[in-house]
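K.L.:
What follows is the residue order along each chain.
2 protein chains.
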Amino acid sequence: MDRTIRTEPLTAETFAPFGDVIEPRGTSHPINAGMVDRFTDLARLDFADGGRPGISLGLGRPYRLPHRLDLVERHPLGSQAWMPLGPDPFLVVVAPDEGGTPGRPRAFLTAPGQGVNYLRGTWHGVLTPLDRPQSFLIVDRLGPGDNLEEYRFPETWTVKAA
Amino acid sequence: MDRTIRTEPLTAETFAPFGDVIEPRGTSHPINAGMVDRFTDLARLDFADGGRPGISLGLGRPYRLPHRLDLVERHPLGSQAWMPLGPDPFLVVVAPDEGGTPGRPRAFLTAPGQGVNYLRGTWHGVLTPLDRPQSFLIVDRLGPGDNLEEYRFPETWTVKAA
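Protein chains in written order, with my numbering: chain E, 1 to 162; chain S, 1 to 162.
No lab work stands behind these hints, which were simulated from the structure alone.
All C-beta atoms in this analysis are idealised placements derived from N, C-alpha and C, irrespective of residue type, glycine included.
Any given hint could turn out to be false.
[As the list claims (entries may be wrong)] Restraint-style ranges between C-beta atoms, simulated for each label pair:
| # | chain 1 | residue 1 | chain 2 | residue 2 | range |
| --- | --- | --- | --- | --- | --- |
| 1 | E | Gly26 | S | Pro30 | 30 to 38 Å |
| 2 | E | Glu98 | S | Gly26 | 38 to 46 Å |
| 3 | E | Arg44 | S | Pro133 | 23 to 31 Å |
[As the list claims (entries may be wrong)] Simulated coverage check for chain E against chain S, where a stretch passes if three residues somewhere in it have a Cβ under 8 Å from a Cβ of chain S:
| # | stretch |
| --- | --- |
| 4 | 23-29 |
| 5 | 50-58 |
[Claimed, not checked] A few chain S residues facing chain E, derived, Cβ under 10 Å:
| # | residue |
| --- | --- |
| 6 | Phe39 |
| 7 | Pro62 |
| 8 | Glu73 |
| 9 | Pro84 |
| 10 | Leu85 |
| 11 | Pro87 |
| 12 | Leu148 |
Input sequences plus hints: build the corresponding full structure.
P.N.:
Structure representation (structure tokens):
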């Protein structure tokens with residue numbers, strides 16, 4: 001099996017089975033005396049009972065392409081959003097679930113300003129900023145329960161630029 | 001009465017009665033194979049029953065100092081977080097509640113990378129990026145109910161740099 005994955009551009013349509021692209025889209029409406037254009041409800045937040053939504057920050061160290069991918073994870077109790085606090089693109093890896101383990105991964109390269117929200121239970125790679133450290137706002141579920149499942153692929157995948 | 005307000009630096013301690021400063025603070029823990037330092041639970045999210053948390057974007061047009069302040073607002077049904085998606089500082093205006101109307105406002109100037117979370121029901125100014133347009137991630141309550149109360153001061157305040 002070919003274990004090379006080429007990056008794809010991140011678009012709301014192609015990413016929809018895995019989550020949401022957080023970017024200005026749809027119709028905005030003016031708020032704050034007309035000086036702010038607001039794009040509302042851009043992510044399918046989904047938190048299991050017994051927890052609560054929280055805001056956190058993640059300061060990520062960078063990777064380089066080609067990227068050797070052997071680890072993915074998922075959060076059975078809630079969605080998880082990552083919004084970059086600067087314009088640098090980053091790599092987004094996801095995989096379909098196939099009977100409890102991840103299938104062939106896909107790799108998306110963000111455009112400047114795009115963030116992502118992983119749907120609850122979606123297999124995804126660890127945070128992979130490229131070339132430079134990057135900070136992210138995280139919106140996910142806080143509270144009791146085991147919300148992390150990791151999976152290590154028996155063979156490494158290689159993610160290369162398209 | 002002196003209607004000039006001088007800006008103060010934004011710190012978690014001085015801002016605490018009004019909300020949270022979203023910035024790396026406290027203890028981080030490593031996630032994502034040790035490549036991400038996570039600072040967890042940085043904002044007191046508080047959403048009235050009947051709604052749900054949502055992620056939105058706000059694209060704000062800029063203001064300049066001195067700023068003529070005549071309008072504040074508050075959200076009785078939920079907290080509201082604003083995180084800038086770039087390093088530019090912005091102006092944060094809040095006011096204590098005095099029997100249902102806002103008292104003397106205070107104005108804080110953020111350091112690069114700081115965001116804010118207004119506590120539920122806290123009087124605050126409209127979004128005021130300075131000098132340049134700025135985009136923000138918003139985390140607030142979506143759903144039914146009247147979640148906006150505006151108040152126009154009978155006399156204008158002037159916000160000046162410290």
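K.L.:
Hints broken by the structure, by number, lowest first?
P.N.:
none
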